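Visitor: For the sequence shown, this note's numbering gives the first residue as 4, with consecutive numbering after it.
No lab work stands behind these hints, which were simulated from the structure alone.
Be careful, since some hints might not be right.
Now the in silico label distances, taken between C-beta atoms and shown as ranges [as the list claims (entries may be wrong)]:
id, residue 1, residue 2, range
1, A42, G80, 28 to 36 Å
2, I84, L51, 19 to 27 Å
3, D34, G80, 26 to 34 Å
Please read these numbers as outputs of a predicted model, since none were measured by experiment.
For every residue, glycine included, the Cβ atom is placed at its ideal position computed from N, Cα and C.
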Amino acid sequence: MPILSDGTENDEIKDLENGIRGRTDVNVAFDKVKNDTEAINFPSDLVLQTEDLEIDALVVGALRSDYQKTRIERMCGEIRIDLILPSMAP
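All chains should be modelled from the sequences, with the hints used to inform the complete structure.
Guide: Now the structure itself:
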């Protein structure tokens, strides 16, 4: 599920939360990602799920700071989903 954000610190978490809660247009986000990403060959038969999804966890592969990690942890707690941080594993 692509989630767009302009990278503004105070908006990133809200953008992520809106995407998880289904408040964004998946098709618009995917089209932007697809058009801006020439290095990836997306399958022509790729089907985007546009109905409400039951999301129970968020996997985050890269964080820029402990502050960002704390904000994402807080958001996941507020919307009651697990946070998985493979890069932070012991």
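Visitor: Does the Cβ distance between D34 and G80 fall inside 26 to 34 Å?
Guide: 32 Å, holds
Visitor: Per the hint of 19 to 27 Å, is the separation of the Cβ atoms of I84 and L51 within bounds?
Guide: Once the Cβ atoms are compared, 20 Å apart, the range 19 to 27 Å for L51 and I84 holds.
Visitor: Taking the CB of A42 and the CB of G80, does the distance hold inside 28 to 36 Å?
Guide: Taking Cβ atoms as reference, A42 and G80 lie about 35 Å apart, which means the hint holds.
Consistency with the previously given hints is maintained throughout, with no hint failing.
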